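Join the two chains, each given in its own frame, into one complex according to the hints.
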Amino acid sequence: MKMPEVTRREFLKIAGISGAGILGNGILVKTAKALAGKPIPTEGPSENGKWIPSCCHMCGGTTGIMCQVVDGRLARIKPNNHNPIGFTNISDDFFANIQKEGAVICPKGNAGIMALYDPDRVKQPLRRTNPEKGIGVDPRWKAISWEEAYGEITARLKALRDAGEAHKLLWFSEDHCFTHIQDDFCKLFGSPNYSMHSSNCDAGRKASFKILMGDERPLIDAINSKYMLIFGWNPLSATKFSHLPRIITRGIERGARLVIVDPNFSYTASKAHEWVPIRPGTDGALALAMAHVILRDGLQDQPFIDEWTAGFEEFKKYVSDKTPAWAEEITTIPAERIERLAREFATTKPALVDVWSGAHHTNGVYAGWAIGALAALTGNIEKPGTLLSPEKKGNKHVEVDAPKISYPRFDEGKERFPYFHKSGVYPEMMNRLAKGEGPYQPKMAMVIFQNLLMEVVGTKTVEEALKKLEFIVVVDTMMSETAEFADIVIPGTTYLERYDLNTHWVTWPVVGLRQPVVKPLFGQPTEYEFVCELGRRLGLKEGNGNDIFWTGRMSGQRIEDKTKWYEEFLSKELKEGEPKITLEELKALPGATWVSTKGTRYNKHLDVIPEEKLADAITEGNLIFSKKEDGSKDKQIGMLKPDGTAVRGFFTPSGKLELYAAKHVDKKDAEGNPLQPLPVYEPRKWQPSTEYPLFLINWKEASQTHSRTQNNAFLAELKVTDGLRINTKTAAKLGIRNGDWVWAESPYGKVKAKAELTEGIHPEVVGTQHGWGHWAMGKIAKGRGAHTGFLAKTIACPLSGQSLNKEICVRVYRV
Amino acid sequence: MSTEFEGKSGVYFLFSRLFREAPDPSLLNKIESFFEATDLADKVEEIVVEYTSLFVAPGEYSIPPYESFYCDALTIDASTADSPYFQPLCMPTGMKGFIYGSSARAVGKIYQEGGFELDPNFHDLPDHIACELEFVGRLYEKGKREAARNFLKNHLGRWAFNFLNNLEKQDRSVFYQRVAKSLGNFLKFECASESKFVKAF
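Those protein sequence lines, which keep their order, are chains A and B.
Residues in the first sequence are numbered consecutively from 3, following the working numbering.
Residues in the second sequence are numbered consecutively from 312, following the working numbering.
Derived by calculation from the structure, the hints in this document are not laboratory data.
Being a predicted model, the structure only gives us computed values, none of them experimental.
Careful, some of the hints might be misleading.
Covered by chain A, per the in silico footprint, the following chain B stretches (three or more residues, Cβ under 8 Å) [said to hold, decoys possible]:
1) 317 to 329
2) 363 to 375
3) 459 to 465
Some residues of chain B that are not near chain A, with every Cβ distance over 10 Å (derived) [claimed, not checked]:
4) 454
5) 472
6) 476
7) 503
Chain A is faced by these chain B residues, among others (derived, beta-carbon under 8 Å) [stated by the list, open to error]:
8) 380
9) 381
10) 406
11) 422
12) 435
13) 441
Backbone N, C-alpha and C define an ideal beta-carbon position, used for all residues, glycine too.
Next comes chain B alone, as it looks inside the complex (with noise of 0.2 Å):
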């Protein structure tokens, strides 16, 4: 395994572990200098309700990290009902924004098949950003780089950057700004189409 996708699975680790749970004091110390912060774990308290806010409560500022969110489109069949009353015409087609859509069934396929299931004790959706990015260092680390390339071009890459770009614009939280606009640089070049990729980092 080469040390260039060590390194690499690492910043996926990383930023899986940012989106997956609010960080602690001793994470927080580690990575302040990176997001050019400083006195981040002073400031724990506020940043658990920041992201709480941001990825867990409902609400005004909630942006939520799934790729069904962005992705999927829900389409009820005219099928639904038998009734002659029925007007099929009636039913929506195509409206996106709901979770849980076909990606979050295909990316746990997808996980399946690489070996790898959800922690019972993780309460969330296979499709949550830090599923998909832990996904992604987790083939590097077993130096499966094609299957990292094409879960990056048919799952991660389709929707993160949607969705880095509305954390980064939201004012709830200068943290996860920075941790949008990095992750969005970092992303930027793990997604590019050239075929140099693998010296990419």
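Isolated chain A (complex conformation) (with noise of 0.2 Å):
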């Protein structure tokens, strides 16, 4: 075939530009002499078809991974068998048999690969053109160069700071990557607002486990147990760190008995010997009842309780009139059930009782606290088989020195709502972000790896609070609907592209190394080495003048290299932590995992307290504190006995298992109402009306972590519950059959969503899985199911800041 002759002389024409300069330097460079006709050499710090181990975050659970790189490329994921967090949580089931039976990991570990080449990803820094933002505007990128996006950013950052209002940049960030450099960045440069992810997630359940045990993430021995009771979670499906099918299940085949309170038929419910449906919002008055009962037929632990709690006389007294019948009124669970079940519970030994997401609404707290209080009652705290408080030393964040910040959070968090947790309310700095409340108003967001508009309850609010903003920074791997909102969007990495240290979801101390088994796919920086060069271009020192971000923080040398640098901020904090390494020392471990061999230890309340801590401590009353270096009282660390001997006790105000708090009397929630001394039920506040009669839920499943991992491809190939699913009854009154397109309307929106019909769901309510909907994201994730944050209000838990994301009421009807 022979081009004609026109069109030959035409692109000859077109040609002959080459040659005036035009077109810029081309992108192929000559290679060194030395290398030119060598192969290729392998990229990633590995040899070819090694086996790099790692941690994986395609979900906060961290669970240990193998990573093959062939060819330079990622090719296999498999489980780490040196890594806990993807076998058990109690160290003596670890030592005896990983080796034998193998660690696992979830549907979302395998399918990382897919997320590190998603052709969806940010590649290049983005600027937008389009200066209008909202919901659906294209915000008209222009991809611009490394260097104008950090000169852009960092002459934003340095003017805030220049103008003396450093206060008024928000900074939003994951919970578990990087967090600590972001933390010393905003201390450094002066705002208080660094907040990061928890008020979407648990703040409710550690207030709730704060106010009885002094501990914010007690774990349950499920594979110790002989009784499981679940409020509101679905820990089979919605794994987070992935030994929990293999501990639950375990804990059944010994003998276990699994029940499972939940509206929705979870997976989890599905695995279990019993389900029991419950109306939203009264896990509270169920555990309360079922106190009644044990107290009622004596079926207490009360040698335990006599010992170990606070106020058993107040909580007896209170829940003396919480009789079965009156929970059945409120639960929807026969009275007679309530008593089995109660029995149940407190005759097997040793039981343990839970709640996760399931509690976030407006009685979430005080459920939680109650439910928790039937642990107490019964004795089944510390011991195998029931919850126990972590030991989580692992590395430490070396603070700096900063000066203080003289301006309160912009949420006020911590003047406000009395069981704040340091990671910010999200819910609250959106509505006064909104409606331009607050004791200032905030000029600039960096928002790393989060996605407010779907993850913050309420979503027409955030979208208005993120207009507000004079200047907004997404740093993220996928065009998450906040991305759209920015005004640079910086290309981030996946976690196959970058270090962290992970010490969480066992019960004794372990440190699993996540660190880069491939670099980087567009030469981007991690996000650590973005913050430290954003740290360089300002210019940010300690208060004693060092030169933090420059500094390696193990050789005191100036380093340039950002990933070095790096490197020794984390052996720095492994040298301080508990494990006492270096990071290179960490990676030649087996699995890359540092465990302590002192293992999982139960009745830690039981400790004596050494006479050498003893000697240097503060006591007051009953209890005893360490000391700061100025003499003054720092870490509460234990109790005194009527005996005078010093344990550790629970670190709550007494000591002892709060059933009864009372720091709590005369004391205000953050909407200045008294807050309840005892675990009082008292309905959610949003109640189903005549106009909005259902109640809507969400909830999570093993194929998808919160609204991040939608676009990915082997992900989506999953059976996906992205439906609206409903009681067969209750359609069959609304005249909606199964497949049917749906409105789900709330006086703040609606969305359209498939028809599930099922029994297995309370007939008063409907539910769908959280995280879909997206309307950006990627192609695969984009108008696939319904996002129900468009439906909600946005508030916090008064006492916790928790997003109250499971309170909404709905009216339902064909499209």
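Dropping the structure here:
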């Protein structure tokens, strides 16, 4: 086939342009002589085909993984048999069985390769050219150079700081990666507004257990349990730390009974001995009625109560009229069933109770406390097979020497929310921004790997809030809904391209290393390098003059290479923390995981405080505190028993498990209402009405994490429960058939979804898997399922700041 | 070196430039008559946004300009897990539509063997259409006809038409529709299988 002469001449004309220097330099540069003709070296830190141990971050579970890089590409991911997170949370089980049985990773972990090589990843810095912002508004991106991106972001930050407005920077980050350096940056920059995710997650649960036992995150010892009573949690599917399905099913194999209390027949309910469908928001009433039965029938562990609880008489009095008949009215669970559950729970030992995200409603913190109280009444705490306080000692955040910031946080969380968690109160910040309220008006936001529009309840409020900010930078691997509101988007890295240290989800000290198994695909800096570069450009220094973003924390030398600088940052955290090893030494350990040989310890409240520690402590009443360097009172470390022995006890104001919280008396919550000293049941605020007669809830499954993984091609192939589940009887009344398109409408908005008729949901409730309903994110995610955030009110729990994701009422009708 | 090859490499370099980054006004001035357009330089801001939405920013308009996206299947080996709980049947095989597949590595090696590597300031992948076009241009520039022919056959020619077809069909940018049409027309002759190839230009 020959090119026609006319065409040939046309092409020759443009061919001439290349000689005029107008095309600039090309992409391909001549290789240094020595390399020419030789095979391309393998990229990434390993030799070809070697398995590299790391930790997953498809979710915050940080399960151990092994990654095989073949010819510069990640080829395989498999479980890491040296990291307990994919196996168990109890050390005996880990040491005895992991090599025999092997660890696991969940579907998301298996699908990590698809996230790394997703064609919808953000590749280059982008600047919006459309000044208008809004849901569905095209930002009209323009690709810009790294220098331009850094230059503009630095200039904006500098202008804010020079004007004495550093506090007007809001910073939102994920909570299981590179948090410390971001926290340091905010402190040195002068913003009190470093926030990280927890108020959208388990701030409510943290408050419940903090009140009861002084620990924010107790974990269940399922493998040793004989009875598991779980409220509002789907641990066999919404796995997160991926040992959950194994330890729970192993517990069942060893004779445990599993009871799931949930309005939705979850995957876990389908594997349980018993599913207890409950009316949303009433878990506290069920727990109180169970406590009533236990105390009425004398099934409690009285010696344990006498020794280790505070406020038993007040509690007993409070539940004296919380009869099963009373609870039946509230929960829709028949009284005789409540009686039976209470008896079974109290007479089977060891037993455990737990609750997670199901309690995202206005009575949630008290409900969680009431649920925890069942463990206290029956002595099911700190024993094998019960609820345990984990020993989380891992790497240590080496605090920076930063001047005190004179402004409060924008959410004034510390001042207003009695169980404020340092991660911030996202709904409150969004409300205040949208309404122009609060102690000052923030001007700029850095959003690192957070999708505020889909994770904070009340999407329209978040939209209004984001519009109020003058300048938004989003760092993300994907073009999230929130990234579409950014002024500049910076391409983030996946967990397979960067470092982190992980210390959560098991009961004894363990540190797992996440390390880069391939280089960042587009040559982009990792998030910690990005933050470090900003710190350098802004010239941020510690109070003592230390050039912290230049100085290696181990060597004390100036380090140009930001990766090397961060490696020293991590080494220092490991050296100062429990492992006392360097990053290189951690890398060399089997599975790049440091596992303390001390193992899981039970009954830690009985630990006797050593004489030498006691000698250097401060005693106030029956409580013992450690001392700060200046001699003032620091953390609670123990309590004095009536016989004078100094033991650890529980880190509550009484040193015991609190069935009654004396410190709540005369205190107020964020809305100015009195704090209740007892785990009271109060109906949640938003109740169904004639107009909006149905409860709407949402849940999680193993197939997806929050709203961030829905563009993953492999995960999209799995069974997707993105429809709206409706009870068949309810649907019949509404004239809705299976597969019909329906509207779910609340006073705040409406969303369209496909009806999924089932017997497996409470008749007063409709619900869907959280995370679907994307209008951005990528070609696979977009347009599937419904995002219930549009239906919700932007509201935080006035005790904990927890985002109330499950407190929605709707009407449902055919499209 | 023959002038015919020089002319040919010039065409490759020009198209490579058009995909490498958004054009500037002086380049648009030079090429507007070829693309049957007028006052292109006045539309430069718009063309920059079009370029970004088609080839850089993820979103509904994006058309990934990578060989791997069109040619490579991502298969996860059943040996992924050692655990007895693992069910290999649930693993995907042969899913297409990803980036940085084996093609990206393969062309990277060919560039290296040809004495080239990617400019470290180019923050994109080796199987980007701009890289592959430039490479063919470089080969012709050096008179390496057979090597160019092989690269067209084994790489660029395998996917460029699918990519250009998508680009011609999009309605985000008239300018890039024309670029696609024109490059498609050029490559059609370049990839023709007859041995008279040398005379083709």
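Hint check:
no.	hint	in the structure
1	317 to 329	holds (count 10)
2	363 to 375	holds (count 9)
3	459 to 465	violated (count 0)
4	454	holds (16 Å)
5	472	holds (14 Å)
6	476	holds (17 Å)
7	503	violated (4 Å)
8	380	holds (6 Å)
9	381	violated (11 Å)
10	406	holds (6 Å)
11	422	holds (6 Å)
12	435	holds (6 Å)
13	441	holds (6 Å)
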